[in-house]
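K.L.:
Could you build the full structure based on these sequences and the hints that come with them?
Top to bottom, those sequences are chains A and B.
Be aware that the first sequence starts at 0, since it is given in numbering that gives the first Met the number 0, and climbs by one per residue.
Be aware that the second sequence starts at 0, since it is given in numbering that gives the first Met the number 0, and climbs by one per residue.
These aren't lab readings, by the way, just hints derived from the structure by calculation.
All of these numbers come straight from a predicted model, not from anything done at the bench.
Fair warning: there could be bad hints in the mix.
[Unchecked claim] With a Cα cut of at most 27 Å, we get these calculated DSSO-like pairs of lysine-lysine:
id, chain 1, residue 1, chain 2, residue 2
1, B, Lys-19, A, Lys-98
2, A, Lys-99, B, Lys-38
3, B, Lys-19, B, Lys-38
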Amino acid sequence: MPVSAPPARLRTFALQTFRNVTTAELTLPSEGIVVVGDNGQGKSNLVEAIGYLRLLRSGRGARDRDCIQHGAAAFHLSASLEGVTATRVTAAVDRQGRKKVTLDGREPERLTEALDALPSVTFSPRDVDLVAGGPQERRRYLDITLALTSPRYLQALRHYRAALSRRNAALREAARTGGSTTDLAAVAAWEPALAQHGATLITERQAWVRSRSAEFVARCAAIGETATTGLRYAGTFAEDASAESLLEALQRQRALDVRRGLTQTGPHRDDLALTLDGHDLRVVGSAGQQRTAAIVLRLLEAATHQGATGVMPLLLLDDPFAELDRGRTERILALLDGIGDGQHLVCVPRADEIPTRFTRLARWTVRAGAFAPAA
Amino acid sequence: MSAIDELITELSRLPTIGRKSAMRLTYHLLRQPAAQSRKLAEALVALVERVRPCDTCFNLTEAAQCAICVDARRDRQVICVVEEASDIASIERTGEYRGVYHVLGGRLAPLDGIGPSHLTIVPLVSRVMQAGAREVIVATNPTLEGDATALYLSEQLRASGATVSRLARGLPMGGDLEYADGGTIVQALAARRAI
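P.N.:
Here is the structure:
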């Protein structure tokens with residue numbers, strides 16, 4: 000693993016008609032920038048736009064067309080980069096839903112080839128949903144973290160989702176027609192693919208949890224968590240995640256699944272269990288404890304990327320320390336430094352809220368979607 | 000609608016033909032001798048009036064049975080199952096296959112509302128039983144849906160006693176490893192053979 004590889008760095012970033020930003024072009028020094036602006040002026044939109052070049056969709060889960068400015072026909076993003084394969088990356092989406100991505104001027108044959116073109120990890124106050132929200136938030140976290148660092152995981156995830164939607168459609172058809180033998184066999188036809196790819200997903204998720212759980216505990220403690228935290232994979236197949244065991248469960252559940260019209264077992268129902276002194280962090284954790292755990296999950300996301308690819312992702316800090324005390328904030332920032340000297344984009348509402356170690360970064364201001372270097 | 004507009008509209012319904020190409024074709028048909036265009040029209044009429052599915056294998060034919068099904072030199076104990084009639088031409092071009100065919104008319108695609116009853120699966124099963132076929136080669140496409148269809152067929156044919164096989168998959172002949180996608184290489188590794 001090339002630990003010493005240079006981090007991903009964003010040199011210039013241009014946006015056109017992306018949400019409230021009509022047009023903007025930013026230049027970024029190696030260490031990064033601080034963007035100062037009141038809430039609702041466009042800080043999070045900038046973070047979302049940069050993050051778009053990682054997942055090729057909104058990291059906030061917004062639909063593509065909702066990212067296009069009102070009255071505009073399309074949005075365009077363009078980045079010049081260092082420390083990654085393609086040094087010029089663009090993305091554009093129009094109202095008809097057409098998406099065009101280019102890497103060094105060339106359109107990749109498949110969109111998945113352009114995934115992670117601009118590696119980044121976003122820290123935002125919304126991350127508390129990772130801990131306090133439903134299991135789907137944590138599955139999404141695992142899927143993104145692993146799919147961008149393991150081609151095997153990405154492939155298994157694509158096949159798993161495709162097979163799952165087809166088995167569910169076959170289940171609904173079987174429910175509609177009364178579940179004849181023919182219908183049940185048409186449901187069963189998707190099960191080996193589900194079992195095979197589902198087993199890969201569970202095995203890789205478990206391996207990730209095993210390799211990162213000690214780090215999770217240690218980093219929560221380093222930030223100031225005095226209770227013992229825990230990170231564990233929770234699912235029906237935690238004990239035996241073989242394709243055979245999944246296949247057998249799918250067969251056993253088939254009749255029940257027909258009645259519900261849904262596949263009720265598999266990695267799409269699993270969870271990443273976070274605990275505090277053995278209890279569910281979702282239930283017993285204070286707001287501050289949940290924020291801490293969410294930030295540590297983001298740290299692990301960055302560390303996983305660096306571990307797998309050698310490249311430290313760009314760290315997008317979208318006012319993540321709001322409402323956290325100064326001591327906690329400083330300890331989090333020290334941890335950030337500890338995982339590598341990545342480039343930072345720090346967004347804060349007021350200049351006096353810039354953490355000390357970022358006060359030397361170049362400053363930009365944003366007002367009503369217009370970005371300008373601070374005087 | 001004028002005759003010109005009508006033809007442009009109809010032509011632009013065809014795959015790979017946009018409105019511009021449809022216009023160009025229409026004006027070309029007007030410019031060429033009328034007899035030539037009439038021949039095209041007659042060929043189209045003949046196509047829809049004479050071509051029909053083979054009673055046995057659902058291949059396209061102008062008789063009750065297709066040329067392959069009536070060919071006495073063909074081995075009726077081996078049946079190759081394909082998604083579409085056009086797939087037969089690809090296999091026939093090799094000249095290597097001496098068995099007969101069965102056209103499914105698609106593949107299991109529940110998201111498009113295509114279930115087993117929309118395919119010619121029941122006729123296939125009774126055909127295999129009646130002929131006492133010794134092998135059924137499933138040549139559906141190597142996609143998620145093609146694979147599920149193959150699996151479904153193998154279940155339906157279990158009682159027939161016929162061996163059900165699936166076309167091998169892996170690297171294409173004359174292909175370059177550098178240009179093969181990850182999924183293909185994984186399959187080729189799994190299905191590697193001693194030399």
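K.L.:
Indicate, hint by hint, whether the structure satisfies it.
P.N.:
We went through each hint and held it up to the structure:
1. Lys-19/B / Lys-98/A: It holds: about 24 Å lies between the C-alpha atoms, which stays within 27 Å.
2. Lys-99/A / Lys-38/B: violated, 44 Å
3. Lys-19/B / Lys-38/B: holds, 23 Å
Against the hints set out earlier in the document, a violation occurs for number 2 only.
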